[in-house]
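2 protein chains.
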Amino acid sequence: MKITVVGLGVIGGSFVKALKGLGYEVYGVDCDLKTLEMAKEEGCILEGYQDGHDMIAQSDLTIICLYPSKVLDFIATHHFKKGSIVTDVVGIKSYFLQQALSMIDKDVEYISGHPMAGREKKGYLYASKEVFAKANYIVIQHQHNHQEKIEWMCQFVGQLGFKSVKIMSPYDHDEIISFTSQLPHTLAVALMNSDDEKYETGKYIGDSFRDLTRIANINADLWTELFFHNKDYLLASMDRFEKEFDQLKQAIMNEDEKTLKEKFLQSSKRREKLES
Amino acid sequence: MKITVVGLGVIGGSFVKALKGLGYEVYGVDCDLKTLEMAKEEGCILEGYQDGHDMIAQSDLTIICLYPSKVLDFIATHHFKKGSIVTDVVGIKSYFLQQALSMIDKDVEYISGHPMAGREKKGYLYASKEVFAKANYIVIQHQHNHQEKIEWMCQFVGQLGFKSVKIMSPYDHDEIISFTSQLPHTLAVALMNSDDEKYETGKYIGDSFRDLTRIANINADLWTELFFHNKDYLLASMDRFEKEFDQLKQAIMNEDEKTLKEKFLQSSKRREKLES
Numbered sequence: 001m002k003i004t005v006v007g008l009g010v011i012g013g014s015f016v017k018a019l020k021g022l023g024y025e026v027y028g029v030d031c032d033l034k035t036l037e038m039a040k041e042e043g044c045i046l047e048g049y050q051d052g053h054d055m056i057a058q059s060d061l062t063i064i065c066l067y068p069s070k071v072l073d074f075i076a077t078h079h080f081k082k083g084s085i086v087t088d089v090v091g092i093k094s095y096f097l098q099q100a101l102s103m104i105d106k107d108v109e110y111i112s113g114h115p116m117a118g119r120e121k122k123g124y125l126y127a128s129k130e131v132f133a134k135a136n137y138i139v140i141q142h143q144h145n146h147q148e149k150i151e152w153m154c155q156f157v158g159q160l161g162f163k164s165v166k167i168m169s170p171y172d173h174d175e176i177i178s179f180t181s182q183l184p185h186t187l188a189v190a191l192m193n194s195d196d197e198k199y200e201t202g203k204y205i206g207d208s209f210r211d212l213t214r215i216a217n218i219n220a221d222l223w224t225e226l227f228f229h230n231k232d233y234l235l236a237s238m239d240r241f242e243k244e245f246d247q248l249k250q251a252i253m254n255e256d257e258k259t260l261k262e263k264f265l266q267s268s269k270r271r272e273k274l275e276s
Numbered sequence: 001m002k003i004t005v006v007g008l009g010v011i012g013g014s015f016v017k018a019l020k021g022l023g024y025e026v027y028g029v030d031c032d033l034k035t036l037e038m039a040k041e042e043g044c045i046l047e048g049y050q051d052g053h054d055m056i057a058q059s060d061l062t063i064i065c066l067y068p069s070k071v072l073d074f075i076a077t078h079h080f081k082k083g084s085i086v087t088d089v090v091g092i093k094s095y096f097l098q099q100a101l102s103m104i105d106k107d108v109e110y111i112s113g114h115p116m117a118g119r120e121k122k123g124y125l126y127a128s129k130e131v132f133a134k135a136n137y138i139v140i141q142h143q144h145n146h147q148e149k150i151e152w153m154c155q156f157v158g159q160l161g162f163k164s165v166k167i168m169s170p171y172d173h174d175e176i177i178s179f180t181s182q183l184p185h186t187l188a189v190a191l192m193n194s195d196d197e198k199y200e201t202g203k204y205i206g207d208s209f210r211d212l213t214r215i216a217n218i219n220a221d222l223w224t225e226l227f228f229h230n231k232d233y234l235l236a237s238m239d240r241f242e243k244e245f246d247q248l249k250q251a252i253m254n255e256d257e258k259t260l261k262e263k264f265l266q267s268s269k270r271r272e273k274l275e276s
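Chains A and B supply the protein sequences, listed in that same order.
Here the UniProt record's numbering is used: the first residue of the first sequence is 1, the next is one more, and so on.
Here the UniProt record's numbering is used: the first residue of the second sequence is 1, the next is one more, and so on.
Careful: at least some of the hints might be erroneous.
Any copy will do: because identical chains look the same in the list, a pair fits if it lies in one copy or spans two.
For lysine-lysine, the following DSS-like pairs were computed, each having C-alpha atoms within a straight-line distance of at most 25 Å [unchecked claim]:
hint, residue 1, residue 2
1, Lys243, Lys231
2, Lys70, Lys258
3, Lys121, Lys134
4, Lys198, Lys40
5, Lys122, Lys273
6, Lys203, Lys149
No lab work stands behind these hints, which were simulated from the structure alone.
The whole structure should be built from the sequences, with the hints applied where relevant.
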């Protein structure tokens, strides 16, 4: 079985590394020649291509690990093997999938995916199969997918080290992701920006501030695109957060010990069971 | 020089471990006999006491590593050596210091302190000198402190592995801490509690959600006390955050790309320089 991974950054690079030794014929497409050479030397790909047209046309599975808009460009300009599976790793699905399905060949099985993994740093050098270890994977099922292909995809991804593989509709995906991924990014950005810089902040922080602001160092182009195309769900999640935050504020203002402790017990209990 | 550490939990335990080999006579006070035995076996204390009255009366430095209200109880019921230094590790200072200074013997140098370090887990087993490595320490100077004692304290703490030691007034401490420590805790609690639990959340999270909710598992008694006694500064920090969060929300609602990207660039720049 021929697999081509397009874009050997942190996620694409981790795919080729996690695939090594599993018995597939793996090829890589990337604009950077050095990256392709490195991946080939490490034995993670059989061959690398800057222009992937020929290879893509023969691949049984194409994993496109590019930014959302670049994935659409790639789909629009490539022909995929009839009956092959094409997947992506884009962080939002409803809007994106609608676009992708409108332009891809009808005889291709397009199964969108979301590995909930990553690194703060970019590029192949930071890719490793450890990136996928203990992470969650979401396989997106749309109305035209064949059940057996979805099942194959889940089994395929299951070999790569993920802790959990779940199937979801694009709408459910975008709703839960607005809460678990996008909302945390808005909180980190707002926290970092609400510093009045009266003090030399870095000298007065502990791990809580470090942890909560790590993702405030954010890729502006990518996240603007992700936020705008998932606006409704994101705004609903932000509203829910604001209501909770306001309840905490009221409890502190009124020194309402009972309510505050109830909130603390609730969040503690939920955090404990989160990954149990 | 005789040093007694009171309360050998994560912080107190880390003190005795970090002090090992530095040439001081170190003693421990704890209600748990097993903890005292362990610390003695490891050579971190010369002797352990469940009742510390005699030892405290001879100590040149007493480091009280108990919860805020317990520190006050301890001060009220013990006599310290004339001219000795007494310190604590309490997370808020203005209210607390006023109480402590009103009850401690006048011939004792009380220098409040705040090691911005810790672990999610409690107890001596999780203590280690690594807890202090790369962490920030704040030495609190009040109007009755002697300058040379404050300088000694900074030099003393500097030996224990902290990355930075800063001197602050209790008011400045409480203001900056309301932003760098207390606000992050309110955000984590509100984020965790704003989950509508429509999905099995733990299966759809990545590291961003994990990082932002780690401290949502919170000690309810301790943090209620810390929040209520620093109410004004905390509410001001919460207000500043809310304003920023609302600006993000407006930018998303209006698909105002320019403002959103400016916010992202600001937070990225600030996060990068935070500990540079």
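Failing hints, ascending?
4
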